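Q: What follows is the residue order along each chain.
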Amino acid sequence: MLIPVLVLTALGIVFGLGLGWAAIRFRVQSDPLVDRIDALLPQTQCGQCNYPGCRPYAEAISKEEADINQCPPGGDAGIRALADLLGREPKPLNPENGEEKPKTVVVIDEQRCIGCTLCIQACPVDAIVGAAKLMHTVIESECTGCDLCLPPCPVDCIDIVEVKTDVLCWRSPRPSIVQNPVTQ
Amino acid sequence: MSRGSHPIIRSSLLLGAIALMGTALLASVNDLTRERIIEQEKRRVLQQLNAVIPAASYNNDLLGDVIEVDDETFFQHPAPVTVYRARMDGKAVAAMMIVTAPDGYNGDIRLLAGIDISGKILGVRVVSHKETPGLGDPIELEKSDWVRGFANRSLQNPDSKGWAVKRDGGQFDQFTGATISPRAVVKAVHRALLYFAANSQELFDTPAKTVNADG
Amino acid sequence: MSQADQVEQARQAGRRTHHFHGGLRLRHNKKISCQNPVVPPPLPELLVVPLLQHAGDFAEPSVSDGEKVLKGQVIGQCQPCAAIHSPVSGVVEAIEDRPMSHPSGQPGPCVVIRPDGQEQWVQLNPIKDWLEASPEILIAQIQDCGIAGLGGAVFPTHAKTRDGRERQIHTLILNGAECEPYISCDEMLMREQPDKIILGARVLRRALGAERVIIAIEDQMGAVQAALTRSAKLAECKSISVVKVTTIYPEGGERQLIQVLTGLEVPAGGRPSDLGMVCQNVATAAAVADAVVEGKPLIERYITVTGNGVSHPRNFLALIGTPVSHLVDASGGYSNDVARLVIGGPMMGYPVASDDTPVVKASNCLLALTQRDIVAPQPEMPCIRCGECARVCPATLLPQQLHLQIKTGLWDQAKEYGLSACIECGCCDYVCPSHIPLVEWFRYGKGEQRKRVLESEAAELARKRFEEREARLLRVKRERAEKMALRKQLLKDKAAQQDRIRDSIARAESRLKKAGEQPDDA
Amino acid sequence: MANGKLKQILTDGAWRQNTGLVVLLGLCPLLAVTNTVVNGLALGLATMLTLMVSNLSVSLMRGFLRPEIRIPAFVLIIASVVTVIELLMHAFFYDLYRVLGIFIPLIVTNCAIIGRAEAFASRNKPLPSLIDGFATGLGFCITLVLLGTLRELSGRGTLFSGAEMLLGEWGRAITLTMIPEHPGFLLAMLPPGAFFGLALLIATRKAWESRKTGKQQRAASVMVADEGPAR
Amino acid sequence: MTRSFDTGGAPHLPPQTTVAAVMLQVLLALVPGVLAYTWFFGPGMLIQIILAVVFALLFEALMLRWRGWPLKPFINDYSAVVTAVLFALCIPPLAPWWISCIAMLFAIVFAKHLYGGLGQNVFNPAMVGYVVVLISFPQVMTAWLPPLALADYSPGLMDSLATIFTGQIPVAGGWDAATQATPLDTLKTGVDAGRMVPEIRSAPIFGDYGGLGWEWIANWFALGGIFLLYKRTINWHVPVAVIGSVVLLSLPFWLADPDSNPFPLQHIFSGALVLAAFFIATDPVSGCVSNRGRLIFGAGVGITTLIIRRWGGYPDGVAFAVLLMNMAAPLIDRYTRPRMYGE
Amino acid sequence: MSEHLLILVSTVLANNFVLVRFLGLCPFMGVSNKLEGAMGMAVATAFVLTLSSVSSYLLHQYLLTPLKLEYLSTLSFILVIAVTVQLTEMFMRKSSPVLYRVLGIFLPLITSNCAVLGVALLNVQEHHNLLQSALYGFGAAAGFGIVLVLFAAMRERLTAADVPLPFKGAPIGLVTAGMMALAFMGFKGLANL
Ligand SMILES: Cc1cc2nc3c(=O)[nH]c(=O)nc-3n(C[C@H](O)[C@H](O)[C@H](O)COP(=O)(O)O)c2cc1C
Ligand SMILES: Cc1cc2nc3c(=O)[nH]c(=O)nc-3n(C[C@H](O)[C@H](O)[C@H](O)COP(=O)(O)O)c2cc1C
Ligand SMILES: Cc1cc2nc3c(=O)[nH]c(=O)nc-3n(C[C@H](O)[C@H](O)[C@H](O)COP(=O)(O)O)c2cc1C
Ligand SMILES: Cc1cc2nc3c(=O)[nH]c(=O)nc-3n(C[C@H](O)[C@H](O)[C@H](O)CO)c2cc1C
Ligand code: SF4
Ligand code: SF4
Ligand code: SF4
Ligand code: SF4
Ligand code: FES
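Chains as they are written, first to last, in my numbering: chain A, 1456 to 1639; chain B, 1246 to 1460; chain C, 51 to 572; chain D, 3 to 233; chain E, 7 to 349; chain F, 777 to 969.
Just so you know, the hints here were simulated from the structure itself, not pulled from any lab data. Computed from a predicted structure; not experimentally measured. Any given hint could turn out to be false.
Straight-line C-alpha distance at most 30 angstroms; calculated DSS-like pairs for lysine-lysine [unchecked claim]:
no., chain 1, residue 1, chain 2, residue 2
1, C, Lys514, A, Lys1588
2, F, Lys810, C, Lys465
3, C, Lys501, A, Lys1588
4, C, Lys283, A, Lys1619
5, C, Lys178, C, Lys81
6, A, Lys1619, C, Lys178
7, C, Lys496, F, Lys844
8, A, Lys1518, D, Lys7
9, A, Lys1518, F, Lys844
10, B, Lys1375, B, Lys1388
11, A, Lys1556, D, Lys9
12, A, Lys1546, C, Lys465
13, D, Lys208, A, Lys1518
14, C, Lys501, A, Lys1546
15, D, Lys127, A, Lys1546
16, B, Lys1388, B, Lys1287
17, B, Lys1287, B, Lys1365
18, B, Lys1287, B, Lys1454
19, A, Lys1558, C, Lys501
20, C, Lys283, C, Lys294
21, D, Lys9, D, Lys127
22, F, Lys844, B, Lys1454
23, A, Lys1619, C, Lys496
24, A, Lys1556, C, Lys501
25, A, Lys1558, C, Lys496
26, C, Lys514, A, Lys1558
If we strip away everything but chain A, and leave its shape as in the complex, we get:
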């Protein structure tokens, strides 16, 4: 009776010491998972996921605090990419967070703008330039279309426009279903 107790207790203590030492000696540093999740998010920084930007959302996902279906700009493709990365089943976008929309940008109606700078403060990517009391402009190539600048504008001078699609940025469509009797 005594021997087994002694033996295993000794084992336990030794292992405990070892593991405790290991845990302190090799604490896990920054989580590369967050980077990889963040890389899959569209970086619109719109906050529709209920986090203040894409990176915080990525952190929340990696801690399993947020589900993977909360980013409307990323849409189904984004969710699938996340599901793939995390080895989960894809699921439809959570409608509470919004819905997937075509990409837009905003323009400021320069006639009506009073130069209040409120939109500049709201823009998460510094895509609006202008100084106080002077007319503001959106740098189209940097606008992510997050629409965060709309609510603060006191004179509603910011309009959403769809990103121009002309022949130049035309892409071949996904081969259609119609030809395929299999699916009719």
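Model the placement of chains B, C, D, E and F with the ligands on the given structure of chain A, informed by the hints.
A: Showing chains B, C, D, E and F with the ligands alone in chain A's frame:
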């Protein structure tokens, strides 16, 4: 105590404590069950043996009265043959031989053959085999009664020509689609009989030797 | 093979022909459109000249509504790419969105011109002494005349030439292989205007600084070789050779042609100039000759109107901007059972929904097909991995795998499997027993890949700016906090000082009091 | 404890987060011992017992355990419990012990057990933990029995064969021959049959669940199908 | 005049071939072998083919219905028929009717439609069906009658029908009397029992190279295979690799010890090796896509077959070898992408 | 020699740990969605399994048996395994950060892989000696790794397949595993060389 090592020591002590409790529990349960476990192990072997030889027909400690014989050329297999000897009041009654048939379809077939002192078979059981399920496995008692057909046979019944499957001109049935497995069993039992006939004296006279009871 | 060996082998181009992987032997179907000499069709009532005809951006219109234009006058400017010229003299009726012969079928800005029938040319500036002129001048002339590759890709010729010059090419290949069934415009051109092609070849050779010129033609092109050789001899040009290559689709693709001529492969992601070669279409060469020697801009081209869907298939020398319906009328109209109208050949061409699209620089063929030619659309079945597609793929890709990867969105794998190396020749599509529209998938996949690159660039930019902003806000906040703390500290200090003052005052007072009391007590 | 929460724990463990069918843990015993109902049931009960005891003890100790030794401590606790069960089975259910063999000690590595200890017991009070252990064990047990039924029935046409190992001699009586003259479908008893059987169970469960939550699921399926062939 | 035209995709040429045509070609190529088979083993085989085809189409239709797919294009693609015929060629001609039923259930439902149907299965459906019944019903699956030339009993059409549907064989002594071990089985058990190959081979059931009759059947299958090669329905890589690897691997064994190892030709002309080399291992769906991959795949099939024949528990390992290589095919594909143009 | 070969053939093919003996199924199903991951898992498992097989053998042979504490084998083996895994992790992190980045995430999963404890227990059951234990552990891991990698490659192909909805994901994975087991039935009898 430095700031870093304090929790380490604490957690290792805690782990030790858990180990201590666990082991204490285990040790006591082990104490409680040890006897019964040994008992059970014995009972299983006995059960197997008793399927061949009725418990009433002997009164020695069957499991303690064991020898192993090695005759690779005769048995055509390197594995030693274990022989349990049944005695009634010290008088030899029967021998249970665990022999191996080397020529099964998928390798060895281990058999228990009980032979009484007159050379008559008390019974045969397959201990382990790898024959194709559904084809060669009717040699098991669970699958068919075929193996009961050995009871009461002896070297004279049938004669040595008859100790073969029917397809080879003998007296034992083969199975539909499978001749190899029954052939192997018949041959092995026959060999056991021959060996017993030739060596029965020594078989009973050799002093016992403890072997692993595990079949 | 070492670099030097490769260059050496490339210099041997045309000595003997080699093979490329895969390819198809297709029914030729060219004879029907080669019976008659090439003529210009009657002048159409309206010409519609799209402002997007080259690889690159839209041209800026340089004329306005109602303006009168002369034949050959620049009507669209596009800096890095080539200019667009008026094909006739007449009046600009409108500048508006019209169908413009684009695979998308989408309309785009076009200059609509009503010809006045005068055929009045703008002042032309030929380079008469082109043999003396510097290559830069030649290249500039090519650019001013709006020459672009007429072999299909309409890549601006001046850019290609300049690049070739810079990269020290030794061989100019003139591509007369015209491998697609039905199309015969290059063949007719080589038959009828061999001198012009040879002239163009000499100009281009000079502009490029190439040592020699190989004109590659199909071995089924009857008299063409003799005609070209004779013209070359007349021009006393020894550096031009005419090579026949086996007729097997798509030996006209520049990479395949180079493989046939040299046995070498253009490196993946590279260009022919990596092997010291440049490939131009024969019609491009003819256009260059016109441009340099006569000063004429590119306003017309040979086009084949053919197929069972038209009554009299033939070739035309059509003005850019001529509506294709006009060409069909000129070749006797449609047959009754016409079903599909294709711009380009049967393998690589794209169908158009209506015939009011114009001829553009890229249009080499108008193919009118009947129901019989195309058979009812076949049901698409799942891929059975039979490998036919891989067997015929001239780029030695695995189309079935690419198809699957695109379908499932495995973009990284698709890239690894060489999606971008697909030349969209359609061989795989043609042989697929499951009738999978493979090329459509590959075009979609390429577009999607392009989009993904753009998106990830945009996302990267947004991420960077977001992070910068966060950092800035943080810094501002910290600075503000520090300032606050400082101020607080100051306030506190002040308060403490005041406390101390108050204390000492109180102490003083109490002392005073005491002192005051003492005298009282005393 | 509120009734609702209790119910929640029970349904979660036994059905919604069923270890074998949903979380896909503890697959080895699930596939290895389910050639008959009785084997499955026996191992299921043993696992259930282990889960309950380990959950309870972990919950009781949850205050003391530092993160770095949490897992080793759980493992120790579980291993002790399992060994006790093994010893008891060796002594009192000898035939079962032989049939289940190495899969009794392997209960230790059934990830579901550590999983529950980590995810539930180390964060909850003893009673809910005990119930959670019971529910999870029950879910596992149900799966084992279902798969056992499927395989035994299709493989030999019987049910509860070998019940005497669990219940003693009178158990022989409850062995049911459901399909007399069953020719024996060996595949069901062999490894491939185990995999196929579990696949069918999970697919059936999925189909059932998706019928229940029809609309939401259909949306998901549209999304998934979009990935599939052009259609 | 504006007209509107249809805008189907390129290429704008009539399609060259269809899936159904490919499958029909395979079926056509099987005809000589099937006829030879009937010649040597009686009409049972034809009945088995019909049975298997009926069950295969039945399950195919059921699955298509369940999945909401149109029946017509998929029933008409004949792929299920190919599966069924290839399966039927592997089983004893007098096997009971339900063998086909169970095998086709596993082949068509499990191995094919659960994976998404035509073209998407990872495993060869016919071989899955065969292996399932082989391991489940070994007794039935090893009940081969000897070729007609050796048989005391040669069943006619009606007898075969009766046997297949009742399971009773009209022979005194029942199945035991009528059936006989196949050449490969005889060889295997003989070698295991320590007998010499030449001695074993002197049994009447052996022919010049393989089994009596079997070798001729194999020849006719090879003829069909060559037709497929000529038609470019299959590539040479797989058949050459299968047969080549068997020869190369068995030759040294035979040279070293001709008494306990059969001559390479013996290996090739017994069992299902030729059939497999031309018709089964060449299944495009479950095989490899690149030529290099096909060579590896074929060699794998050959080598694994030999290993199983020589050391394993089954007299012929072709079916298992094909399934094992099916397993490896996706991995092989990953590592045998051909060099692309300019790379 | 041939006896050792036999152990390898048996553990890798005829009695493959995953497909025939049903050990290590959770990581088999769980870490097989991506080929790279599967390869990492295979390598990491091979290492740990061999190591822990040997160390648990030593523990059993030189500590438990002499003290007649065989009933503690499960308990002590699992401890040994946990520590082996931890030490491997530490060692790898220290000596090869690159390797650690690739394999690190799989290491903790190995502790709860039945195959590891299974090998330790089977070593005892089958009375292996030191070399045999090592081979047995390595063979088991090789068998596990091979089928895992093959399985992962197949599952990657399956992502493109049009699997009926209820069978998407785990069920078709299990069907595939069943098919693999079916194919491995062909190796039956191979271990009786
Ligand atoms: C896969 C397979 C497994 C077999 N397994 C066995 C077996 O386990 N036992 C046996 O006696 N015969 C087995 N056989 C059958 C033998 O190979 C041989 O055909 C038979 O024993 C000859 O018997 P017969 O002469 O009665 O036909 C098996 C055959 C095959 C194809
Ligand atoms: C400097 C230079 C740059 C080129 N860049 C491109 C390019 O970006 N994209 C392109 O499609 N072709 C480019 N080309 C032209 C190709 O080499 C090739 O001639 C052209 O794509 C037409 O080939 P194709 O009709 O066979 O597709 C370039 C050529 C030169 C000389
Ligand atoms: C599949 C394919 C087929 C082609 N066939 C021809 C052809 O028959 N004739 C031709 O001039 N260019 C053909 N091209 C275009 C050539 O690759 C190349 O772009 C052209 O010869 C370059 O000349 P250009 O810049 O003068 O157009 C083909 C391209 C591809 C991808
Ligand atoms: C050359 C060739 C060989 C084939 N071999 C098989 C085969 O061995 N087994 C089978 O089930 N189907 C075979 N098929 C048919 C078809 O590919 C098969 O049913 C698919 O696996 C079903 O998706 C073959 C088809 C062709 C063209
Ligand atoms: S919802 Fe907006 S902020 Fe959130 S992750 Fe998506 S794009 Fe970024
Ligand atoms: S400009 Fe407005 S919409 Fe665009 S990124 Fe900034 S805040 Fe978002
Ligand atoms: S030709 Fe069609 S069916 Fe054949 S492999 Fe290629 S894509 Fe698949
Ligand atoms: S279209 Fe692309 S993939 Fe198809 S054959 Fe041509 S180059 Fe190859
Ligand atoms: S139960 Fe065996 S690995 Fe999880």
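Q: Indicate, hint by hint, whether the structure satisfies it.
A: Evaluation of the provided hints:
no.: 1; hint: C:Lys514 to A:Lys1588; verdict: 28 angstroms, holds
no.: 2; hint: F:Lys810 to C:Lys465; verdict: 18 angstroms, holds
no.: 3; hint: C:Lys501 to A:Lys1588; verdict: 38 angstroms, violated
no.: 4; hint: C:Lys283 to A:Lys1619; verdict: 55 angstroms, violated
no.: 5; hint: C:Lys178 to C:Lys81; verdict: 38 angstroms, violated
no.: 6; hint: A:Lys1619 to C:Lys178; verdict: 46 angstroms, violated
no.: 7; hint: C:Lys496 to F:Lys844; verdict: 70 angstroms, violated
no.: 8; hint: A:Lys1518 to D:Lys7; verdict: 25 angstroms, holds
no.: 9; hint: A:Lys1518 to F:Lys844; verdict: 47 angstroms, violated
no.: 10; hint: B:Lys1375 to B:Lys1388; verdict: 14 angstroms, holds
no.: 11; hint: A:Lys1556 to D:Lys9; verdict: 41 angstroms, violated
no.: 12; hint: A:Lys1546 to C:Lys465; verdict: 27 angstroms, holds
no.: 13; hint: D:Lys208 to A:Lys1518; verdict: 27 angstroms, holds
no.: 14; hint: C:Lys501 to A:Lys1546; verdict: 24 angstroms, holds
no.: 15; hint: D:Lys127 to A:Lys1546; verdict: 33 angstroms, violated
no.: 16; hint: B:Lys1388 to B:Lys1287; verdict: 25 angstroms, holds
no.: 17; hint: B:Lys1287 to B:Lys1365; verdict: 26 angstroms, holds
no.: 18; hint: B:Lys1287 to B:Lys1454; verdict: 16 angstroms, holds
no.: 19; hint: A:Lys1558 to C:Lys501; verdict: 13 angstroms, holds
no.: 20; hint: C:Lys283 to C:Lys294; verdict: 18 angstroms, holds
no.: 21; hint: D:Lys9 to D:Lys127; verdict: 16 angstroms, holds
no.: 22; hint: F:Lys844 to B:Lys1454; verdict: 22 angstroms, holds
no.: 23; hint: A:Lys1619 to C:Lys496; verdict: 20 angstroms, holds
no.: 24; hint: A:Lys1556 to C:Lys501; verdict: 17 angstroms, holds
no.: 25; hint: A:Lys1558 to C:Lys496; verdict: 20 angstroms, holds
no.: 26; hint: C:Lys514 to A:Lys1558; verdict: 20 angstroms, holds
In this structure, the earlier hints numbered 3, 4, 5, 6, 7, 9, 11, 15 are contradicted, and the remaining ones agree with it.
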